[in-house]
Amino acid sequence: MVDNLAKIVLNNGGKIAPLIIPGNLTDGTGLCNVSVFIDTNGEILANIRHVHYSLYHSEFNQKFYCKWGCLAYLNPEDDISLKTGNYLCKLNPKTLEVDSYQKIDTSNHDIPPVWDFHGLEDVRVFRWDDIFYVCGVRRDVKPDGEGRMELCEVNWNKDNCVEVTRDRIEPPSGHTYLEKNWMPVLDMPYHFVRWADPLEVVKVDPKTKSSEIVISKDYNLSLPLGLRGSSQVIPFSKGRICITHECNFFHHPGHHKDAQYYHRFMIWDEDWNLLRLSKPFKFMAAQIEFNTGLAIKDNNFIITFGYQDNAAYALEMPINLLDSLEWED
Amino acid sequence: MGRLKKYLHDYIQNPLDPYINASLGEEYENIGQGAAALSYFLRAAELTYESDPEFAYCCILKTWLQLHRTGRRPNYENEQLQTAISFLPTRPEAYLHLSLQHSAKEEWKPSYMYACLGLEYINKNPLPYNVEYPGDYMLLFQKAYTSWYIGQREESKKLWTELYYIDTLPHHKDIIKSNLINFGIEINPTPTAWHEPLTYTFEDDHQFLKHKFTGASLIDKNYSQCYQDLFVLTALEGKRNGIYLEVGAGQPFYGNNTALLKEFGWQGISFDVDESLIQMWREQRPDDFIINQDATRFDFTLSGVDHIDYLQLDIDPPANTFKVLENIPFDKISFSVITYEHDYYVDDTKSYRDKSRKILEENGYILIAGNISPDLNSPYEDWWVNPKYISEATINKMKNINQEVLFAKDYMFKYLS
Chain A
1 MVDNLAKIVL NNGGKIAPLI IPGNLTDGTG LCNVSVFIDT NGEILANIRH VHYSLYHSEF
61 NQKFYCKWGC LAYLNPEDDI SLKTGNYLCK LNPKTLEVDS YQKIDTSNHD IPPVWDFHGL
121 EDVRVFRWDD IFYVCGVRRD VKPDGEGRME LCEVNWNKDN CVEVTRDRIE PPSGHTYLEK
181 NWMPVLDMPY HFVRWADPLE VVKVDPKTKS SEIVISKDYN LSLPLGLRGS SQVIPFSKGR
241 ICITHECNFF HHPGHHKDAQ YYHRFMIWDE DWNLLRLSKP FKFMAAQIEF NTGLAIKDNN
301 FIITFGYQDN AAYALEMPIN LLDSLEWED
Chain B
1001 MGRLKKYLHD YIQNPLDPYI NASLGEEYEN IGQGAAALSY FLRAAELTYE SDPEFAYCCI
1061 LKTWLQLHRT GRRPNYENEQ LQTAISFLPT RPEAYLHLSL QHSAKEEWKP SYMYACLGLE
1121 YINKNPLPYN VEYPGDYMLL FQKAYTSWYI GQREESKKLW TELYYIDTLP HHKDIIKSNL
1181 INFGIEINPT PTAWHEPLTY TFEDDHQFLK HKFTGASLID KNYSQCYQDL FVLTALEGKR
1241 NGIYLEVGAG QPFYGNNTAL LKEFGWQGIS FDVDESLIQM WREQRPDDFI INQDATRFDF
1301 TLSGVDHIDY LQLDIDPPAN TFKVLENIPF DKISFSVITY EHDYYVDDTK SYRDKSRKIL
1361 EENGYILIAG NISPDLNSPY EDWWVNPKYI SEATINKMKN INQEVLFAKD YMFKYLS
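Here the protein sequences come in this chain order: A and B. Position 68 of the first sequence, counting from 1, maps to 68 under this note's numbering, and the rest follow consecutively. Position 231 of the second sequence, counting from 1, maps to 1231 under this note's numbering, and the rest follow consecutively.
By construction, these hints were calculated from the structure, which means they are not laboratory data. Just so it is clear, CB atoms sit at the ideal spot from N, CA and C, and this is done for glycine as well. Just so you know, not all the hints are guaranteed correct.
Stated by the list, open to error - Simulated pairs of lysine-lysine, BS3-like, Cα-Cα distance not exceeding 27 Å: (1) B:LYS1105 with A:LYS67; (2) A:LYS103 with A:LYS297; (3) B:LYS1006 with A:LYS94; (4) A:LYS15 with B:LYS1006; (5) A:LYS180 with A:LYS83; (6) A:LYS282 with A:LYS257; (7) A:LYS15 with B:LYS1005; (8) B:LYS1006 with B:LYS1221; (9) B:LYS1358 with B:LYS1323; (10) B:LYS1399 with B:LYS1262; (11) B:LYS1397 with B:LYS1262; (12) A:LYS63 with A:LYS257; (13) B:LYS1173 with A:LYS282; (14) A:LYS63 with B:LYS1124; (15) B:LYS1221 with B:LYS1414; (16) B:LYS1355 with B:LYS1323; (17) B:LYS1006 with A:LYS90; (18) B:LYS1388 with B:LYS1358; (19) A:LYS158 with A:LYS297; (20) B:LYS1399 with B:LYS1409; (21) A:LYS297 with B:LYS1006; (22) A:LYS158 with A:LYS94; (23) A:LYS257 with A:LYS103; (24) B:LYS1005 with A:LYS297; (25) B:LYS1109 with A:LYS67; (26) A:LYS94 with B:LYS1005; (27) B:LYS1109 with A:LYS103; (28) B:LYS1005 with A:LYS282; (29) B:LYS1005 with A:LYS90; (30) B:LYS1177 with B:LYS1158; (31) A:LYS15 with A:LYS94; (32) B:LYS1350 with B:LYS1177; (33) B:LYS1109 with B:LYS1157.
Claimed, not checked - Listing some non-contacts, in silico: residues in chain B with all C-beta distances to chain A over 12 Å: (34) LYS1124; (35) PRO1126; (36) PRO1170; (37) LYS1210; (38) ASP1343; (39) LYS1409.
Isolated chain A, as found in the complex (with noise of 0.2 Å):
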């Protein structure tokens, strides 16, 4: 397993930029999850989730427990609820940092949040159909915290940034309580992979906000932990390519939760036939790091993640380094 892909990345050419909101707009918090998407004028537009908690994460030999063990939420202790914003943001083509920022207004179609989880989570950034939009998943408009992605349009110019159209999507057969990370398919409007393994493609009817599978797959895959969703699908090559996530939770030995994510490169060809998937790999070593963003620029990969909730990175990766990676026979 590569523990470390940005050092593989760094000294191969490519770089790494911090993504920074200031924090006297954040009062510090966390940023992360961070999607990329290259518009069709060629700008890096990035969105960057802000949580209203410092995530408190004990790692290695877990010496150094807080209140609530090795993983803790630390979010204000008059306001437990778990708050998202989001800032779209025009990144330097150049360094990648920060050029400019705007949060999403999102007022036009917030009501009194009815559950725990505020805002919309793990945004994916892309355009569909010429229409700017911001997609993830919202928890706070039923009482039992019922998770549904939701596809919002934004209009974003130098003096607004609104949310215009909100259209929550059922699933496409039966209830479930949470439906998240669905990956939009960038070169197929209103098309999603609800699962990468066994492999399912739902069409989305916004006019009626329905869904409904419009491919499956199964690759047999054997492997430890569910592949999740994380990036966009984007074109690459001939087929399509996206960054995947799993999750392995666990107790360690003081029987409190902690976790440990890796991420995978996916890459199909047209017909969604998997021709590679990588082995699991690390950004910078940490055992919480989640995936959000992958575009293609020039000969590089613009990958952008949170590292433990707390802070937020774009790496450009030269795409000739995918051969460098181990795969999965």
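With chain A's structure known, arrange chain B on it following the hints.
Here is chain B on its own, set in the frame of chain A:
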């Protein structure tokens, strides 16, 4: 961002190096990214748990500091401080912060207890990173403060006295002096009482200003102790781009007489002999010129100017202020407005007010406000004007020199009866 990126690159090359993790955390802290800083400091602590316990302790305190600065997480803060003490009970810093935390909630017994415990472990080498520990004296300060509230009043007096002779940050020294006076404890040299500034705000006070000089409506608030800054602008009709000479500058903003003038475009030279205050000026008013020299011996003709709009003379004790006055070359430099601190109410000789008045009158200045006081019984300043530069109408309107105590608020404002 340059240093942040450097340490980020270093981290990526060696993510298990605790010192690089901590350096990266420090850079994140410096740009207000507390959550990211917390992650890297926590990793550094974990990685030095056995190999470098003092470093690990410091990094745990850094995780506390991020939460402290973020705010709204008092229990988590408390937890991190307790974690630090549990790990390394023989250092003083976490005890101090627990003491401060409890005293902020008026929980005097535990605050006193943590101060006492911390004092058992002082005189340690400084930690590698700033954890907001001003020095061992602060534990003594906390013990003095809290002992008063738990009935140990003689101990409290003894500790305040002890603190008077210890180097502290200026604002702590002010509190120490104030408490000594409040407790009637005599110190040699006699400390001058400090009165909290009488604040002016547009919303509350503008309507009552005795003279609404040009630009007064643009002032949101002032800085001086007794409206000296407003008085200067009153006498000079809201003059912009004036020149000042400030002897005994004090703090750059709090209680300062030239901070407001600077907002009116003024420039000048300030003097103070307190190195800690000089440092504050360099940080908070970096564009202003402050000299760390004894003004009683300074050659003021070196400035090369022959007229200055405002002269402030205010150094303790009264004898020293008078020495500066004697050192001013009035035959070579004229002034439009002068505020002179004679500290009559604490001047045991009761002589310097009269001696200063004699010199200023001999040099053609007119006393316009005598015995200015921050309250009803502390006459400490005279305010003077030069009739060559101040209109007769202004002098007539503002002159008030026949009172033993002239409460500054009454002098500057005209309240409706």
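A quick look at each hint next to the structure:
Restraint check for LYS1105 (chain B) and LYS67 (chain A): the C-alpha separation of about 21 Å stays at or below 27 Å, so the hint holds. Between LYS103 (chain A) and LYS297 (chain A), the direct Cα distance comes to roughly 25 Å. Compliance with the 27 Å bound is thereby established for this hinted pair. A hinted pair counts as satisfied when its Cα atoms are at most 27 Å apart, and LYS1006 (chain B) with LYS94 (chain A) qualifies at roughly 17 Å. With a C-alpha separation of about 12 Å, the suggested pair LYS15 (chain A) and LYS1006 (chain B) falls inside the 27 Å cut-off, and the hint holds.
Restraint check for LYS180 (chain A) and LYS83 (chain A): satisfied, since their Cα atoms lie roughly 17 Å apart, inside the 27 Å limit. For the proposed pair LYS282 (chain A) and LYS257 (chain A), the alpha carbon gap of about 20 Å is at most 27 Å, so the pair holds. Proposed proximity of LYS15 (chain A) and LYS1005 (chain B) is supported: the alpha carbons are some 10 Å apart, at most 27 Å. At roughly 43 Å between alpha-carbon atoms, LYS1006 (chain B) and LYS1221 (chain B) are farther apart than 27 Å, so this suggested pair is violated.
For the hint pairing LYS1358 (chain B) with LYS1323 (chain B), the CA-to-CA distance comes to about 14 Å; that is within 27 Å, so the pair holds. Note on LYS1399 (chain B) and LYS1262 (chain B): the hinted pairing holds, with a Cα-Cα distance of about 26 Å set against a maximum of 27 Å. At most 27 Å may separate the alpha-carbon atoms for a hinted pair to count; LYS1397 (chain B) and LYS1262 (chain B) meet this at roughly 26 Å. Proposed proximity of LYS63 (chain A) and LYS257 (chain A) is supported: the alpha carbons are some 15 Å apart, at most 27 Å.
Simply put, LYS1173 (chain B) and LYS282 (chain A) have alpha-carbon atoms about 53 Å apart, too far for the 27 Å limit, and the pair is violated. A threshold of 27 Å between alpha carbons decides the hint, and for LYS63 (chain A) with LYS1124 (chain B) the separation of about 24 Å falls inside it, so the pair holds. At most 27 Å may separate the alpha-carbon atoms for a hinted pair to count; LYS1221 (chain B) and LYS1414 (chain B) meet this at roughly 18 Å. As the CA atoms of LYS1355 (chain B) and LYS1323 (chain B) are separated by approximately 11 Å, the hinted pair is consistent with the 27 Å bound.
With a C-alpha separation of about 23 Å, the suggested pair LYS1006 (chain B) and LYS90 (chain A) falls inside the 27 Å cut-off, and the hint holds. For the suggested pair LYS1388 (chain B) and LYS1358 (chain B), the alpha carbons sit about 19 Å apart, so the restraint of at most 27 Å is met. The straight-line distance between the Cα atoms of LYS158 (chain A) and LYS297 (chain A) is roughly 24 Å, inside the 27 Å bound, and the hint therefore holds. Annotation: proposed proximity of LYS1399 (chain B) to LYS1409 (chain B) holds, straight-line Cα distance about 14 Å (limit 27 Å).
About 24 Å separates the Cα atoms of LYS297 (chain A) and LYS1006 (chain B), which keeps this hinted pair within 27 Å; it holds. In summary, the hint linking LYS158 (chain A) to LYS94 (chain A) is supported, as the alpha carbons are separated by about 21 Å, within the 27 Å threshold. A C-alpha spacing of about 33 Å is found between LYS257 (chain A) and LYS103 (chain A), which places the hinted pair above 27 Å, so the restraint is violated. In summary, the hint linking LYS1005 (chain B) to LYS297 (chain A) is supported, as the alpha carbons are separated by about 22 Å, within the 27 Å threshold.
The hinted pair formed by LYS1109 (chain B) and LYS67 (chain A) meets the criterion: a straight-line CA distance of about 24 Å does not exceed 27 Å. Straight-line distance between C-alpha atoms of LYS94 (chain A) and LYS1005 (chain B) comes to about 14 Å, which keeps the hinted pair within the 27 Å bound. The suggested pairing of LYS1109 (chain B) with LYS103 (chain A) is violated, with an alpha-carbon distance near 46 Å, which exceeds 27 Å. Distance hint between LYS1005 (chain B) and LYS282 (chain A) is fulfilled; the C-alpha atoms sit about 20 Å from each other, no more than 27 Å.
Distance hint between LYS1005 (chain B) and LYS90 (chain A) is fulfilled; the C-alpha atoms sit about 19 Å from each other, no more than 27 Å. In summary, the hint linking LYS1177 (chain B) to LYS1158 (chain B) is supported, as the alpha carbons are separated by about 13 Å, within the 27 Å threshold. Between LYS15 (chain A) and LYS94 (chain A), the direct Cα distance comes to roughly 10 Å. Compliance with the 27 Å bound is thereby established for this hinted pair. Pair hint LYS1350 (chain B) plus LYS1177 (chain B) holds up; C-alpha atoms about 22 Å apart against a cutoff of 27 Å.
This hinted pair checks out: LYS1109 (chain B) and LYS1157 (chain B) have alpha carbons roughly 18 Å apart, not beyond 27 Å. No beta-carbon of chain A is positioned within 12 Å of the beta-carbon of LYS1124 (chain B); the least distance is around 21 Å. With a least beta-carbon separation of about 22 Å from chain A, PRO1126 (chain B) lies farther than 12 Å from that chain, consistent with its non-interface assignment. For PRO1170 (chain B), the shortest C-beta to C-beta distance to chain A comes to about 27 Å, beyond the 12 Å cut-off, and the non-interface label holds.
Separation of LYS1210 (chain B) from chain A is adequate, the least Cβ-Cβ distance of about 39 Å exceeding the 12 Å criterion. Consistency note on ASP1343 (chain B): stated as away from chain A, and its beta-carbon is indeed over 12 Å from all of that chain's, at 42 Å minimum. Every C-beta of chain A lies more than 12 Å from that of LYS1409 (chain B), the closest at about 36 Å, which supports listing it as non-interface.
Hints 8, 13, 23, 27 from the list above are not met by this structure, while the remaining hints are.
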